[in-house]
Amino acid sequence: MKHLLQYILLLCLGLSACSEVQAQKSISFQHFVGNQPLVLEDSIKNGNAEILVVRRFKYYVSNLVLIDAQGNRQSLPDTYYLINEAEPNSKKIILPNSNKNYSAIEFVLGVDSARNCSGIQTGVLDPMQGMFWTWNTGYVFAKLEGSSPSSSLPAHAFTYHIGGFRTGENVLKTIRLEIPGSSLPNDLQVKVDINAWFSGNSSLLIAERPVCHSPGNLAMKIAANYAQMFSIIQP
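Counted from 1, the sequence shown has number 1068 at position 122 by my numbering; the numbering is strictly sequential.
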């Protein structure tokens, strides 16, 4: 009888551990060009029929919020992620264990003003990550680089470094995505279509604007475009 009770106890503990593993959720960012997966160094065509090769694609996701069907919000404060196409592990965000059902997620695309003005940072906010301008202009929120025959720059390069957090040049974007079925799957797949950079609210032609390296009107137009690049991949 003693051994039977021990066995039952171990079985219960094992089931409990399995339950905790099953409760682990994640968000995966999958990069596309239209309906084709993005592959660095491959020749592709954007929505404006311009041929290009993408060599670098990075952006910050921060201040993640999980929202249930009643509108209750579970904030994950002080969360900053640098999503980098060149680093596959960076494209998955592990969420806290929870048995709740969530109907939407929300996050900030960029780095909030508090962190922009907080001095030297570490981790994904370390200036060595190559996503920082100066203490005056702050972080690059999103970066897209490559080459295109349409570009008049040396080596036909195009470089878009988008940032700006001050009044009149703020490109921080809050992204909200509704979860189909109002139930967060074990791994929520988010499609990120870089075509939105070039043909969102306004058309961005590499032939006319191959570079953006500072806050201002052009950065704000590009940010308004790429804010539309996120959608949920239906299971």
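Just so you know, these hints were derived from the structure itself, not from any lab.
Any given hint could turn out to be false.
As the list claims (entries may be wrong) - What follows is a list of derived Cβ distance ranges for each label pair:
#1 Ser1021 x Ser974: 34 to 44 Å
#2 Pro983 x Gly1114: 33 to 43 Å
#3 Gln1020 x Pro1126: 11 to 21 Å
#4 Pro1126 x Thr1080: 22 to 32 Å
#5 Asn1147 x Ser989: 34 to 44 Å
#6 Ser1059 x Gln1020: 33 to 43 Å
#7 Asp1072 x Asn1047: 17 to 27 Å
#8 Asp1133 x Arg1019: 18 to 28 Å
#9 Asn1132 x Pro1023: 20 to 30 Å
These figures come from a predicted structure and were not determined experimentally.
Every residue gets a Cβ at the ideal spot worked out from N, C-alpha and C, and that includes glycine.
Status of the hints after comparison with the structure:
no.	hint	result
1	Ser1021 x Ser974: 34 to 44 Å	violated, 21 Å
2	Pro983 x Gly1114: 33 to 43 Å	holds, 37 Å
3	Gln1020 x Pro1126: 11 to 21 Å	holds, 19 Å
4	Pro1126 x Thr1080: 22 to 32 Å	violated, 42 Å
5	Asn1147 x Ser989: 34 to 44 Å	violated, 27 Å
6	Ser1059 x Gln1020: 33 to 43 Å	violated, 23 Å
7	Asp1072 x Asn1047: 17 to 27 Å	violated, 36 Å
8	Asp1133 x Arg1019: 18 to 28 Å	holds, 22 Å
9	Asn1132 x Pro1023: 20 to 30 Å	holds, 24 Å
The structure fails hints 1, 4, 5, 6, 7 (numbered hints given earlier, in ascending order).
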